[in-house]
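So the sequences go chain by chain: U and B.
If you count by this note's numbering, then the first sequence holds residues 2 to 180, one letter each, in order.
If you count by this note's numbering, then the second sequence holds residues 2 to 180, one letter each, in order.
For the record, the hints were derived by calculation from the structure and aren't laboratory data.
Careful, some of the hints might be misleading.
[What the hints assert, rightly or not] With a straight-line Cα cutoff of 25 Å, these simulated SDA-like cross-link-like pairs (lysine to any residue) come out:
#	chain 1	residue 1	chain 2	residue 2
1	U	Lys104	B	Ser175
2	U	Lys150	B	Ala171
3	U	Lys150	B	Lys152
4	U	Lys134	U	Gly75
5	B	Lys152	U	His49
6	B	Lys150	U	Gln161
7	B	Lys150	U	Arg149
8	B	Lys56	U	Gly79
9	U	Lys172	B	Arg149
10	B	Lys96	B	Asp50
11	B	Lys152	U	Lys56
12	B	Lys178	U	Ile180
13	U	Lys56	B	Val117
14	U	Lys178	B	Lys96
15	B	Lys150	U	Ala176
16	B	Lys172	U	Thr88
17	B	Lys152	U	Gly167
18	B	Lys150	U	Met122
19	U	Lys104	B	Met2
20	U	Lys152	B	Phe169
21	B	Lys178	U	Gln66
22	B	Lys178	U	Gly79
23	U	Lys152	U	Val68
24	B	Lys104	U	Asp159
25	U	Lys172	B	Tyr47
26	B	Lys113	U	Met122
27	B	Lys150	U	Ser33
28	B	Lys113	U	Lys150
29	B	Lys152	U	Lys94
30	U	Lys104	B	Ala171
31	U	Lys178	B	Val77
32	B	Lys172	U	Gln66
33	B	Lys89	U	Asp159
34	B	Lys172	U	Ile180
35	U	Lys134	U	Met2
36	U	Lys56	U	Met2
There are 2 protein chains.
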Amino acid sequence: MVYPTPVFVVGTYDAAGKPNVMTASWGGICCSQPPCVSVALRPATYSHDNILRRKAFTISIASEQQVKQVDYFGLVSGRTTDKFAATKLTPVKSKLVDAPFVKEFPLVLECKLVDVTELGMHTQFIGEVIDAKADEEIIGSGGAVDIRKLKPLIFTPDTQDYFGIGNFIAKVFSAGKDI
Amino acid sequence: MVYPTPVFVVGTYDAAGKPNVMTASWGGICCSQPPCVSVALRPATYSHDNILRRKAFTISIASEQQVKQVDYFGLVSGRTTDKFAATKLTPVKSKLVDAPFVKEFPLVLECKLVDVTELGMHTQFIGEVIDAKADEEIIGSGGAVDIRKLKPLIFTPDTQDYFGIGNFIAKVFSAGKDI
Numbered sequence: 002m003v004y005p006t007p008v009f010v011v012g013t014y015d016a017a018g019k020p021n022v023m024t025a026s027w028g029g030i031c032c033s034q035p036p037c038v039s040v041a042l043r044p045a046t047y048s049h050d051n052i053l054r055r056k057a058f059t060i061s062i063a064s065e066q067q068v069k070q071v072d073y074f075g076l077v078s079g080r081t082t083d084k085f086a087a088t089k090l091t092p093v094k095s096k097l098v099d100a101p102f103v104k105e106f107p108l109v110l111e112c113k114l115v116d117v118t119e120l121g122m123h124t125q126f127i128g129e130v131i132d133a134k135a136d137e138e139i140i141g142s143g144g145a146v147d148i149r150k151l152k153p154l155i156f157t158p159d160t161q162d163y164f165g166i167g168n169f170i171a172k173v174f175s176a177g178k179d180i
Numbered sequence: 002m003v004y005p006t007p008v009f010v011v012g013t014y015d016a017a018g019k020p021n022v023m024t025a026s027w028g029g030i031c032c033s034q035p036p037c038v039s040v041a042l043r044p045a046t047y048s049h050d051n052i053l054r055r056k057a058f059t060i061s062i063a064s065e066q067q068v069k070q071v072d073y074f075g076l077v078s079g080r081t082t083d084k085f086a087a088t089k090l091t092p093v094k095s096k097l098v099d100a101p102f103v104k105e106f107p108l109v110l111e112c113k114l115v116d117v118t119e120l121g122m123h124t125q126f127i128g129e130v131i132d133a134k135a136d137e138e139i140i141g142s143g144g145a146v147d148i149r150k151l152k153p154l155i156f157t158p159d160t161q162d163y164f165g166i167g168n169f170i171a172k173v174f175s176a177g178k179d180i
């Protein structure tokens, strides 16, 4: 329906404290101050109840070279699989919220649950971003995240593909100035 | 904070019935059934009150060659400017919801307001997608939207740039199968 959609890796703890991750593309930023992000999950997912129980989640954003692990996180359920063990990725316990993130992924948001809306097939969770961690390698010369270094994945809802980021097109609040 | 974020052109009518459009990047899909999308706007924007009054909005998605018009929609306010007249684009009255969309943009969602959440600097609106209209030129051989034909814009929150779509990386639910 909407293009592009992001590829979020949502990190949670289950009731026994086992770290889990799943891939989700329904979500985005929803507030600048306090910084908030949304992610919508089906109630049947293992992560759905984990978030409700712990009132927290993380969003890790992978680079395109990590597509295999990201895709795997969407293929199997945390009910039956230890996805970290299977992919040999490392769960890191957040010091700020009750959820784990993926050490090897270059951008991580640690979120405290602030709103839940049941919409039908999906429940939307809104998290306040308590901290964002970015690897040095994705920071550009100006001190901000450089999308060309991050190389995040894009999900295409209709055709179910992953795409990469393309070329710089224009500066925001500049391209339209001569209209 | 999150990559990629989309570039939505939000269409609304004001109290006098004048069509307005603004650019917004805080939002995304939030439910598959009923299909719902979210978009978050600052209360100070003209569109914010338009949505509350008419209980409807559209989201038009432009192609990268329309970046000038899209950027202009984010530069000026509908309070003082007729943005359609200024850009010579055409407002089309939706037959399904009380909002206009941009005729020249290749993908349009017509949304009925179903949920409002005040989060702080932004208010999140959730709309049920009553219909989606796609130009023939963006439909691929399989009958679905082809992101390579649509060429949607991406917004980078940190550096405030527009980027395009890149290369195909992998099929979803396939790349991770050999883990």
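So, going through the hints one by one against the coordinates:
With a C-alpha separation of about 24 Å, the suggested pairing of Lys104 (chain U) with Ser175 (chain B) holds against the 25 Å cut-off. The suggested pairing of Lys150 (chain U) with Ala171 (chain B) holds, with an alpha-carbon distance near 19 Å, which does not exceed 25 Å. Of the pairs offered as hints, the one joining Lys150 (chain U) and Lys152 (chain B) holds, with about 21 Å between alpha carbons and a cut-off of 25 Å not exceeded. Straight-line distance between C-alpha atoms of Lys134 (chain U) and Gly75 (chain U) comes to about 23 Å, which keeps the hinted pair within the 25 Å bound.
For the proposed pair Lys152 (chain B) and His49 (chain U), the alpha carbon gap of about 33 Å is over 25 Å, so the pair is violated. At roughly 15 Å between alpha-carbon atoms, Lys150 (chain B) and Gln161 (chain U) fall within 25 Å of each other, so this suggested pair holds. Only pairs whose Cα atoms come within 25 Å are accepted, and Lys150 (chain B) paired with Arg149 (chain U) is accepted, the gap being roughly 22 Å. At roughly 39 Å between alpha-carbon atoms, Lys56 (chain B) and Gly79 (chain U) are farther apart than 25 Å, so this suggested pair is violated.
Annotation: proposed proximity of Lys172 (chain U) to Arg149 (chain B) holds, straight-line Cα distance about 22 Å (limit 25 Å). Straight-line distance between C-alpha atoms of Lys96 (chain B) and Asp50 (chain B) comes to about 21 Å, which keeps the hinted pair within the 25 Å bound. A C-alpha spacing of about 37 Å is found between Lys152 (chain B) and Lys56 (chain U), which places the hinted pair above 25 Å, so the restraint is violated. For the proposed pair Lys178 (chain B) and Ile180 (chain U), the alpha carbon gap of about 49 Å is over 25 Å, so the pair is violated.
The suggested pairing of Lys56 (chain U) with Val117 (chain B) holds, with an alpha-carbon distance near 21 Å, which does not exceed 25 Å. For a cut-off of 25 Å, the pair hint linking Lys178 (chain U) to Lys96 (chain B) is broken: about 33 Å separates their Cα positions. Pair hint Lys150 (chain B) plus Ala176 (chain U) holds up; C-alpha atoms about 22 Å apart against a cutoff of 25 Å. Distance hint between Lys172 (chain B) and Thr88 (chain U) is fulfilled; the C-alpha atoms sit about 18 Å from each other, no more than 25 Å.
Taking the CA atoms of Lys152 (chain B) and Gly167 (chain U), the gap is near 10 Å; set against the 25 Å cutoff, the hint holds. Restraint check for Lys150 (chain B) and Met122 (chain U): not satisfied, since their Cα atoms lie roughly 29 Å apart, outside the 25 Å limit. For the suggested pair Lys104 (chain U) and Met2 (chain B), the alpha carbons sit about 17 Å apart, so the restraint of at most 25 Å is met. Taking the CA atoms of Lys152 (chain U) and Phe169 (chain B), the gap is about 13 Å. The hint holds against a cut of 25 Å.
Restraint check for Lys178 (chain B) and Gln66 (chain U): satisfied, since their Cα atoms lie roughly 16 Å apart, inside the 25 Å limit. A threshold of 25 Å between alpha carbons decides the hint, and for Lys178 (chain B) with Gly79 (chain U) the separation of about 16 Å falls inside it, so the pair holds. About 11 Å separates the Cα atoms of Lys152 (chain U) and Val68 (chain U), which keeps this hinted pair within 25 Å; it holds. Of the supplied pair hints, the one linking Lys104 (chain B) and Asp159 (chain U) holds, its CA atoms being roughly 22 Å apart against a limit of 25 Å.
About 24 Å separates the Cα atoms of Lys172 (chain U) and Tyr47 (chain B), which keeps this hinted pair within 25 Å; it holds. At most 25 Å may separate the alpha-carbon atoms for a hinted pair to count; Lys113 (chain B) and Met122 (chain U) meet this at roughly 18 Å. Our distance criterion of 25 Å between C-alpha atoms is broken by Lys150 (chain B) and Ser33 (chain U), whose separation comes to about 32 Å. For the hint pairing Lys113 (chain B) with Lys150 (chain U), the CA-to-CA distance comes to about 38 Å; that exceeds 25 Å, so the pair is violated.
At most 25 Å may separate the alpha-carbon atoms for a hinted pair to count; Lys152 (chain B) and Lys94 (chain U) exceed this at roughly 38 Å. A distance of roughly 23 Å separates the Cα atoms of Lys104 (chain U) and Ala171 (chain B); the hinted pair therefore holds under the 25 Å criterion. Annotation: proposed proximity of Lys178 (chain U) to Val77 (chain B) holds, straight-line Cα distance about 10 Å (limit 25 Å). Simply put, Lys172 (chain B) and Gln66 (chain U) have alpha-carbon atoms about 14 Å apart, close enough for the 25 Å limit, and the pair holds.
With a C-alpha separation of about 31 Å, the suggested pairing of Lys89 (chain B) with Asp159 (chain U) is violated against the 25 Å cut-off. Taking the CA atoms of Lys172 (chain B) and Ile180 (chain U), the gap is about 40 Å. The hint is violated against a cut of 25 Å. In summary, the hint linking Lys134 (chain U) to Met2 (chain U) is not supported, as the alpha carbons are separated by about 30 Å, beyond the 25 Å threshold. Distance check on the hinted pair: Lys56 (chain U) and Met2 (chain U) sit about 29 Å apart at the alpha-carbon level, beyond 25 Å; violated.
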